[in-house]
Amino acid sequence: MKTALQIEDLTVKYGEFTALDKVSLAIQPHTTLGLVGESGSGKSTLARVIAGLIAPSDGQVLLGSQVLGKKRSREQHKDIQMIFQNPDSSLNPKHTIRQILSEGLLFHKVVDRAGVEQRCKELLDRVHLDERALGRYPHQFSGGQRQRIAIARALSVEPSVIIADEPTSALDVSVQRSMLELFSTLKSELNLTMLFISHDLGVIHAISDIVAVMKQGQLVEVNPKDQFFSRPETSYSRELLSAVPKMPISITTGGLS
Amino acid sequence: MMATNPILEIENLSLATSAGKSLVTNVNFSLGKGESLGLVGESGSGKSLTLRSILGLLPRGVEQVGGAIRSDVRSAMIFQDPRGALDPLCPVVRQLAEVVYYRQNVSRKASRTIALELLEMLGLPDSLKQKDRYPSQLSGGQCQRIVIAMALACKPGILLCDEPTTALDVTVQKQIIDTITRLQQELGFAMVFVTHNLAIASTMCSTLCVMKEGQIVERGESLSLLQNPQHSYTQMLIHSVLPLPELERGAGV
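Line by line, the protein sequences give chains A and B. Each residue of the first sequence is one higher than the last, beginning at 0 in numbering that gives the first Met the number 0. Each residue of the second sequence is one higher than the last, beginning at 0 in numbering that gives the first Met the number 0.
Hint data in this document are derived by calculation from the structure and do not stem from the laboratory. Model, not experiment: these values are computed from the prediction. Among the hints, a few may not be true.
Not the full set, but computed from the structure, chain A residues with beta-carbon under 10 Å of chain B [stated by the list, open to error]:
{"id": "1", "residue": "Gly58"}
{"id": "2", "residue": "Ala242"}
{"id": "3", "residue": "Pro244"}
Here are the simulated lysine-lysine pairs, DSS-like style, with alpha carbons at most 25 Å apart [unchecked claim]:
{"id": "4", "chain 1": "B", "residue 1": "Lys173", "chain 2": "A", "residue 2": "Lys214"}
{"id": "5", "chain 1": "A", "residue 1": "Lys224", "chain 2": "B", "residue 2": "Lys173"}
{"id": "6", "chain 1": "B", "residue 1": "Lys173", "chain 2": "A", "residue 2": "Lys245"}
{"id": "7", "chain 1": "A", "residue 1": "Lys69", "chain 2": "A", "residue 2": "Lys1"}
{"id": "8", "chain 1": "A", "residue 1": "Lys70", "chain 2": "A", "residue 2": "Lys21"}
Covered by chain B, per the in silico footprint, the following chain A stretches (three or more residues, Cβ under 8 Å) [claimed, not checked]:
{"id": "9", "stretch": "164-174"}
{"id": "10", "stretch": "188-201"}
Ideal Cβ positions, reconstructed from N, Cα and C, are used throughout, including at glycine.
Next comes chain B alone, as it looks inside the complex:
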């Protein structure tokens, strides 16, 4: 499954601990411009490690033991816990402007203007323009928007998302997903989306790779994969999604 003009190619990627325990084995995928790929699986399946290896952000003690990662565009990452990803001692607009300053090589003044434009694009409150605030003074959803703004400030060709909505409430989760979808349409970046939630993965991504114990066990176009899962692990994942009855329209309120 190779894209015609891939901007990211991962070939036979293998990761292991320095003690030699294999964590990810022979992972292959490629990503074309503007495409979105979902990596789904349970904890310990190696999806986050695969994502982190694209940025070279492997945790201490984990090494790449084989394979190659080729990419000719910039990538930026959104993390699961937005509060952990932000500097708690620096006001958010200043943090964002800092990223713009270093990444886009503009003056301090221009970086602030660009930062404020990004805030507007992400639907953050206007009051931040007058009065900067610390991450602890913002809600989880607002912090995640700041993290997304920082990722976009790098003008990425690929946006790497590591469970960006898992730590958030359902209503906020929906807003963040809508925001990411809208921005992808506007800016046309490619996306690798890591999640354990099949429903989110299938709405966000056109292609899905199911990972188990460090290997991709099944891959395919989202809808056909869900309708016709071949691997027993994929079937199990689909069956463990808890169904909700449809809301009756117009009833109630």
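Just chain A, with the same shape it has in the complex:
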């Protein structure tokens, strides 16, 4: 099967410190790979290398069949979009939502100038926001709404791969839930390939098809979700899973259906 994104022997060093140590990973088209690990395990570094924000010391990233080099073309940049943990710092506070959304549309020439307004409205509708939001500024929205705007911006240029780096960690539990529901609808409607990073195993369970575990810059386990959560292969994964605080009662209604 053709892979959407392939990473081969990726190594990143920050001075003496090795943040990624020969990581190889393949993501199939239209699947969501959940990447878990503790802080400092290299999850975000991996995301940033794939998005082209950090140049790797060694190894390569392949998008479909083309190698993504140090200098990427506009088209290659457009194909991989990223959603960050904190929408407060990823949205320009002095731009209206209209400016935020239309910037990418015009830069990548997704639609012409006349079609921008219409497309912006469609994008907001996709993330369940009212079109009146266009004239407002990011600070006029709640954290969850801001994250929706960030998602709309990532979707605006019609990328083939979305990287979400802890998109729900800064949000309240109830908002987190609606955000995950949004992600799974978008995933099925738009056939997205997604790399979803989180340290929260509950979130990973709700969203992923495949789970990959990182520890100290290395990939320790890659397995389908069901297998990972019931029969993890490595003792580290088992340790992670058993450390999650459990509710004293069993919840039957929780989770995403």
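Fit chain B to the known structure of chain A by using the hints.
Okay, now just chain B, sitting in the frame of chain A:
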């Protein structure tokens, strides 16, 4: 819901900004010796402010506008961000010994001995005894242990915990929770535990108060509250806990 011999009583506590915006309204609870109470709710629900008002640590611009807090024992607090709670320019054992020196009125030498005993109690590495280190040289979990040791150095009757594990990784979180539970059994302090994580709150505390927009909307014994939530907000909180399947025992490794 009054404890028979409360060591902490909060009656009709109301907090507001100096501009008059109400932040916490009519919060009531009491805490008996050795009991643990959990305050759960989302951000902005006023749980941290309630906790801080017990110590008189309200942020600038927030005032108590009504009600009373009565307590006849000492309380100490553990904060969410351990690095922020420690002095980055002072080695940790020295910081800890300083707290012991002022709080327990002992000599400098004795304070160091007590500090080292506390370190041992919290399972910190022995190497700290020979060579003191700065907070930046310790991991997040180790820093949080130092903060807990400092809180315990005050010999508190009540330990106030403000999301002590939120900034930590799951495995470290488990260790810290185990440590706090063990210490509570050994030392018998009462505890007010603020968290947004229902699973943690219900394992740590016998009683839970659910807060929303500055008010306690529901309270009760942990298990029965979770099994039979009355308020729609509590139900929503419970439903937003993401379930994990059970691990198969003995399989895998």
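Results for each hint:
no.	hint	in the structure
1	Gly58	violated (26 Å)
2	Ala242	holds (4 Å)
3	Pro244	holds (4 Å)
4	B:Lys173 x A:Lys214	holds (18 Å)
5	A:Lys224 x B:Lys173	holds (23 Å)
6	B:Lys173 x A:Lys245	holds (11 Å)
7	A:Lys69 x A:Lys1	holds (23 Å)
8	A:Lys70 x A:Lys21	holds (21 Å)
9	164-174	holds (count 3)
10	188-201	holds (count 4)
Going through the hint list in order, the structure does not satisfy hint 1, though it satisfies all others.
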